Amino acid sequence: MKDPVLTVEGLEVRFQGAAGEIPAVQGASFSVHRGEVLCIVGESGCGKSITSLSVMGLLPGSAEAEGHIRFDGRDLLRLNREEIRQIRGNDISMIFQEPMTSLNPVFTVGFQLMEPLVVHRNLSKKQAFEEAVRLLERVGIPDPGRRMEQYPHELSGGMRQRVMIAIALSCEPKLLIADEPTTALDVTIQAQILELILKLKEDTGMSVILITHDMGVVAETADRVLVMYAGKVVEEADVRTLFEDPKHPYTKGLLRSMPNVDDDTYTLEAIPGTLPKPGEIQQGCPFHPRCPEAMDRCREENPRVFTHRPGHMSRCWLAEEEDQDHAGESVG
Amino acid sequence: MAGLIVRRLFQLIPLLLGISFIVFISLHLAPGDPASMIGGPTATREDLASIREDLGLNDPLFTQYFRYISGVVQGDLGYSYQTKQSVTEAIMIRFPNTFNLAIASIIVATVIGVGAGMISAIKQNTSLDALSTIGALAGISIPNFWLGSVLILLFAVNWQWFPAAGVTQPPWTLQGMKELILPAITLGTGSAALIARMTRSAVLEVIRQDYIRTARAKGVKEKSVILLHCMRNAMIPVITVIGLNFGFLLGGTIITEQVFAINGVGRLMIQAIANRDYTMVQGAVLLVATLFVLVNLLVDILYALIDPRIRYE
Ligand SMILES: Nc1ncnc2c1ncn2[C@@H]1O[C@H](COP(=O)(O)OP(=O)(O)O)[C@@H](O)[C@H]1O
Ligand SMILES: [Mg+2]
Numbered sequence: 001m002k003d004p005v006l007t008v009e010g011l012e013v014r015f016q017g018a019a020g021e022i023p024a025v026q027g028a029s030f031s032v033h034r035g036e037v038l039c040i041v042g043e044s045g046c047g048k049s050i051t052s053l054s055v056m057g058l059l060p061g062s063a064e065a066e067g068h069i070r071f072d073g074r075d076l077l078r079l080n081r082e083e084i085r086q087i088r089g090n091d092i093s094m095i096f097q098e099p100m101t102s103l104n105p106v107f108t109v110g111f112q113l114m115e116p117l118v119v120h121r122n123l124s125k126k127q128a129f130e131e132a133v134r135l136l137e138r139v140g141i142p143d144p145g146r147r148m149e150q151y152p153h154e155l156s157g158g159m160r161q162r163v164m165i166a167i168a169l170s171c172e173p174k175l176l177i178a179d180e181p182t183t184a185l186d187v188t189i190q191a192q193i194l195e196l197i198l199k200l201k202e203d204t205g206m207s208v209i210l211i212t213h214d215m216g217v218v219a220e221t222a223d224r225v226l227v228m229y230a231g232k233v234v235e236e237a238d239v240r241t242l243f244e245d246p247k248h249p250y251t252k253g254l255l256r257s258m259p260n261v262d263d264d265t266y267t268l269e270a271i272p273g274t275l276p277k278p279g280e281i282q283q284g285c286p287f288h289p290r291c292p293e294a295m296d297r298c299r300e301e302n303p304r305v306f307t308h309r310p311g312h313m314s315r316c317w318l319a320e321e322e323d324q325d326h327a328g329e330s331v332g
Numbered sequence: 001m002a003g004l005i006v007r008r009l010f011q012l013i014p015l016l017l018g019i020s021f022i023v024f025i026s027l028h029l030a031p032g033d034p035a036s037m038i039g040g041p042t043a044t045r046e047d048l049a050s051i052r053e054d055l056g057l058n059d060p061l062f063t064q065y066f067r068y069i070s071g072v073v074q075g076d077l078g079y080s081y082q083t084k085q086s087v088t089e090a091i092m093i094r095f096p097n098t099f100n101l102a103i104a105s106i107i108v109a110t111v112i113g114v115g116a117g118m119i120s121a122i123k124q125n126t127s128l129d130a131l132s133t134i135g136a137l138a139g140i141s142i143p144n145f146w147l148g149s150v151l152i153l154l155f156a157v158n159w160q161w162f163p164a165a166g167v168t169q170p171p172w173t174l175q176g177m178k179e180l181i182l183p184a185i186t187l188g189t190g191s192a193a194l195i196a197r198m199t200r201s202a203v204l205e206v207i208r209q210d211y212i213r214t215a216r217a218k219g220v221k222e223k224s225v226i227l228l229h230c231m232r233n234a235m236i237p238v239i240t241v242i243g244l245n246f247g248f249l250l251g252g253t254i255i256t257e258q259v260f261a262i263n264g265v266g267r268l269m270i271q272a273i274a275n276r277d278y279t280m281v282q283g284a285v286l287l288v289a290t291l292f293v294l295v296n297l298l299v300d301i302l303y304a305l306i307d308p309r310i311r312y313e
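The listed protein sequences correspond, in order, to chains C and D.
Note that my numbering has the first sequence beginning at 1, numbered continuously upward.
Note that my numbering has the second sequence beginning at 1, numbered continuously upward.
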């Protein structure tokens, strides 16, 4: 049996809006194992960020989460504010999509980097400073001593994301959540940042949840993949299986919409249609209006989770025949 | 940083010259003849003519202005038409009272305004927020003379906690503080309300920024997230409002000094206007305008201290 660092069970997140409750995540279940990179992939708005913010205990006030998020023998959803604060930035860290706005403009890089060291590890100013310089070096920032004194606006986007990574790693977390860490960056910088995250993962043995909407990023980084659609996990598999034998038509669509550098004759195909609007009442599978393989049943009944083989699950009626798990135990 | 200050100080020169020119011209174009005020009702035509000659009122306006301004740069604001007293002296005697009142008021306004605005934003859409909104509305709408009178009636006449009128002791003594507190609340309430509204919206704007989420993601204590990460950014627009309000407060001292019988520049100005004492009014207005401009400079410096993006421009 593998060693799960984080286990999410039946996560439900709802937003309290003027028009009533809007579900953002519906029954998501998954685990992250020690030292692995779990990619969560899906179009914008499908609930990836909300899932990760639930883990951090950083959901907006209008959101309400149910289910279980187990970490270190504790259920994160049942901790009080102070308990979850001590975990944030310490055992679980997060970096965000927008390096340009994720650092506080009025504090130096050094201050922002030393802060978690002082908060969680009780280091003195001097120790924290030395540790911070080491961290900057480690994330590949040249001339770290000088960078410590600089303000975020003096750094490029790639440099800022490196600083964010240094901050996230400062207390040697067991789990790093990276929410589209390269989406806002140039392609060449993107590759460097991903490489850095993977290298640091190797060095420290931490686990990584990497959120992306880009199948190319998944191919380069993932050990295992979670595909999300409209707040639900629709397919889960190790990265090889997902690329070689995708089961859910949505996953197949995502793969077809990925540019293929090896094959000139390949034509890019975007998935037609759009995500259902949040809160829109729908019958059947949420993907059926866009699904090229939709059957009558898909319009009426929402599929449960089927297991193709251990570790490969999908939420699609097409998978019913090869379901290994006739007890119908729900995974998501 | 030092370069910024020096540059801004140099920019003040044409600004202050412009202000002094406008003050000078507008008073000279106003109806009413200072010579007849000085000469009194019994003065003959010849008397008036010689008074005008003495005061240089027959010279071209520009010559008069030039004479005036060359005195001003040496600290000489001229002599009162009325009392023959040195204007500089008359103002300097009263200025500390006015300045202390304005400072005390802006402190009251800032502490109440920033505090209420911050709480209001953090407790957005709760009854506390509503209370602060109503309080701010009341603070803006209540006239100073009315608020001052009510405070005197309650706290000075009825309960006798504070003196009703006058400032006799320096503000760092207990008695001096007691003397200042009611006038400072009277004068500062309107500004407190404006500062509270500005603080509320600034905090609400900053609190949803990505870097606040980052601070929380680092595990920073909520108290530091608000007081350090949020307020340091939210103060940038609030400081402008505080600076502007300091200017309004200086103007507001006129009424408050009247209500609390404080012998300050505001009262001096009212008397001088009633007496058509040109030089006295000019001097007082020039002083207030200069202060206003200096406070603006101070605000710009504070800006640069808080916001590194400005400092390095
Ligand atoms: N503050 C919010 N208020 C209401 N709904 C929200 C809020 N944040 C996100 N949502 C909804 O939750 C859903 C999931 O959002 P998110 O997790 O950010 O998607 P993504 O997969 O792009 O990261 C979306 O449908 C979005 O409309
Ligand atoms: Mg997102």
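Some hints could be false.
[Said to hold, decoys possible] Sample of chain D residues with no beta-carbon within 10 Å of chain C, all distances over it, derived:
1) Ser26
2) Ala43
3) Asp54
4) Arg94
5) Ile134
6) Val150
7) Leu154
8) Thr173
9) Gln209
10) Thr214
11) Val220
12) Ile306
[Stated by the list, open to error] Computed, partial: chain C to chain D, Cβ under 7 Å:
13) Ser102
14) His153
15) Thr183
Quick caveat, the hints were computed from the structure, so don't treat them as lab data.
Here the structure is a predicted model, which means the values were calculated and not measured.
Using N, Cα and C, we set each Cβ at its ideal position, and we do this for glycine too.
Contradicted hints - numbers only: Violated hints (numbers, rising): 9, 10, 11, 12 and 15; every other hint is consistent with the structure.
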